[in-house]
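Use the sequences and the hints to build the structure in full.
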Amino acid sequence: MTEVYVVGVDMIKFGRFPDRTVPSLGAEAALMALDDCGLTIQDMQALYCGNLGQASAMVGQRVLQEIGQTGIPVVNCANACATGATAFREGYMAIRAGQYDTVLAVGVEQMGKGLLGGGGGASGIPTEGLLGSGTMPSVFAHVGMEHSRKYGTTFEQFAKVSVKNHHHSTLNPKAMYQIETPLQEVMGAEMISYPNTKLMCSVNVDGSAAAVLMSEKKVKEKGLMSRAVRVRAAAMTSDPYTPRNLVMPDFNAVTRLAAKEAYEQAGVGPEDINLVELHDCFATAEIVHYENLGLCADGEAGRLIDSGETALGGRIPVNVSGGLLSKGHPLGATGIANIYEITTHLRGEAGARQVKGARLGLTHVVGMGSACAIHVLEKVN
Amino acid sequence: MPEAETKTAAKPLPVVPFLKIPESGEPYLEGHKCGHCGEVFLGQRMVCAACGTRGQMQPVRLSNKGKLYNFTVVHRNFPGVPVPFISAIVDLEGGGCLKGNLVDMVPNAEAIKFDMPVNVVFRDAGRKDREGNSYLSYFFTPAN
Chain R
1 MTEVYVVGVD MIKFGRFPDR TVPSLGAEAA LMALDDCGLT IQDMQALYCG
51 NLGQASAMVG QRVLQEIGQT GIPVVNCANA CATGATAFRE GYMAIRAGQY
101 DTVLAVGVEQ MGKGLLGGGG GASGIPTEGL LGSGTMPSVF AHVGMEHSRK
151 YGTTFEQFAK VSVKNHHHST LNPKAMYQIE TPLQEVMGAE MISYPNTKLM
201 CSVNVDGSAA AVLMSEKKVK EKGLMSRAVR VRAAAMTSDP YTPRNLVMPD
251 FNAVTRLAAK EAYEQAGVGP EDINLVELHD CFATAEIVHY ENLGLCADGE
301 AGRLIDSGET ALGGRIPVNV SGGLLSKGHP LGATGIANIY EITTHLRGEA
351 GARQVKGARL GLTHVVGMGS ACAIHVLEKV N
Chain W
1001 MPEAETKTAA KPLPVVPFLK IPESGEPYLE GHKCGHCGEV FLGQRMVCAA
1051 CGTRGQMQPV RLSNKGKLYN FTVVHRNFPG VPVPFISAIV DLEGGGCLKG
1101 NLVDMVPNAE AIKFDMPVNV VFRDAGRKDR EGNSYLSYFF TPAN
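Residue numbers (my numbering), protein chains in the order written: chain R, 1 to 381; chain W, 1001 to 1144.
Read the hints as simulated data drawn from the structure, not as lab findings. Take the hints with a grain of salt, since some may be wrong.
[Stated by the list, open to error] Calculated lysine-lysine pairs in the DSSO-like style (CA-CA distance at most 30 Å, straight line):
{"id": "1", "chain 1": "R", "residue 1": "379", "chain 2": "R", "residue 2": "260"}
{"id": "2", "chain 1": "W", "residue 1": "1113", "chain 2": "R", "residue 2": "198"}
{"id": "3", "chain 1": "W", "residue 1": "1128", "chain 2": "R", "residue 2": "113"}
[As the list claims (entries may be wrong)] According to the in silico footprint, chain W covers these stretches of chain R (three or more CB under 8 Å from chain W):
{"id": "4", "segment": "140-148"}
{"id": "5", "segment": "233-247"}
Glycine is no exception: its CB is placed at the ideal position from the N, C-alpha and C atoms.
Written as C-alpha cells, this is what we have:
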C-alpha cells in the first residue's frame, strides 16, 4: 500500500459570517489548500466533504459548483464533531487503497450562537431540565465530574485548561479570539454547567479548512515532497459498549480504542509525539483526553495541567492553536483545521506559536454519538 | 402526587416509554436484562448492545433505590427551563443506570456527594403537551 501525504492544507480565519453560505466558505478553504500546493481542481480525482448542519444538502457538490465542476466523485460526510476528520480519513483510505493519487478533503460549518444539544424525548413534552440535562456543556460537565469522582480533579484544574488555550490563541491569527483569560476570569465567568463556566465552553463559529492528499508516487512526480507531511496513522472508532454509555456518553473508551489503533498504525507511542491537537470542546474534555491519549498515566491529568507541560514550551504542548475553546469549533471543519495546525508545525511555518523541532504530531476529535478519529502526522524532511 | 392533578386529563401519560403506569399499583421503571451477559438496559430491545446476543432480553422491574454516580448543577439552559437544577446520573440497585433531575435538595455542587443514596420517585412532570395531557415523570430524591 502506498504512503499518503498532505501536500496542501489551509483554513480560513474562524469567525461569524452570517452573510456567507456554507458552500462559499468551503470553496474558500478549498482554493486556499489548492494554492498551498500549486495545484488546481483539475488535478483532484475525488472530493470528500464534511459538513453537519446541511448534511442532506449535497455541500460537496455545491462547493464544486463554486470552484469547478469537473465531474469527480463526491462523498458527503456527517459524523458529529468527527465530521471533518472522517472526510479526511475517507480520502486517505481511497489513496491508500490505490483508487486515486490525488484527492481533496474539505470541512465546513456555519453555526448559530448558543447552546447545542438538549433532550427531546420520545413523548410529547420536552425533557430537557426534566430528566437531567442533555446540553453539550452538561454532557461534558458530567465527563469532568466523573474524573473528579475518580481522582479528585478540581474546578481550578479544569479552568486552567481554558487559561492555557486562550493564551495559545493570542499567537494564532486564524483563531476566533486572541484574548488572554486569567484564571480568576475563567473561574468567575458565568457558570453554565458546573464545573464548565462560559469561558470553558468552545466557541460556536463559522469556519472551513481543506487538505490535498496525495500518493507517494504522485508527490515525487509533482516535486511536492519538500513541504509534504506523511500521514502515519488514520484511526477511527465508534463507541464500544461500556456500562452507562447509553445514558452518559463514554468519550473515554471510544478515544482509548482509537488511540491504541493509531499508535499501532504509526508504530510509535505517546512519548514520541511532539504536539497534540485534541478535542477540547469543553475544558473538562481536555483533562480526560490527556489520559485517554496516553499523554500521562491515569489519574495524573490534574497534575499534568498544573505542571505546565501541556503549554507551549512544555514537554507535550496541547492545543497550541488555541483549541476549540478559543480558535473556535465549526463542527464539520474542526477535524481538518487540526490537520492544518499540525502540518503547519511540522513544516516549521507556525510562527510565534511554533513547537520547535516538531517531527510527529497527533490530531484527535470525538463526535457525540459517538465517533472518534485520530491522525498521526510526520515531518518528512 | 396530589390526586387532583392527575384527574385534569383522563390519565397522565408516561414521560418515557420505560416508565410503566399499571392499572393498579405503583408506577415503576422497566428495564430489559440480557439472559446471556446479565446487562440491564432501560426500556425494550431485541438484541443486547453489550454482547450482541439475540432473543434473550427479559423485562425486569427496576429498583426505586440507587446511588448517585455523577451530577452537574445546571445554571444556564434553554429559555423557559427553570434553573438551577441538578442533572444526576444514578446507578440503580440490581442494575440499570439513568439520568434525571435530583430534587428536594439545594443545587449547590459543594453540598452534593458522590455515591449518596437516592430514591426514585414519581411525580407530575409539571409540563403539558399541546393537547393538554399531563405527564408522569421520575425524579431522584435524597434517601435518608
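Cross-check of the supplied hints:
1. R:379 to R:260: Distance of about 21 Å is within 30 Å: holds.
2. W:1113 to R:198: Measuring from Cα to Cα gives roughly 24 Å; hence the hint holds.
3. W:1128 to R:113: 28 Å, holds
4. 140-148: holds (count 4)
5. 233-247: holds (count 5)
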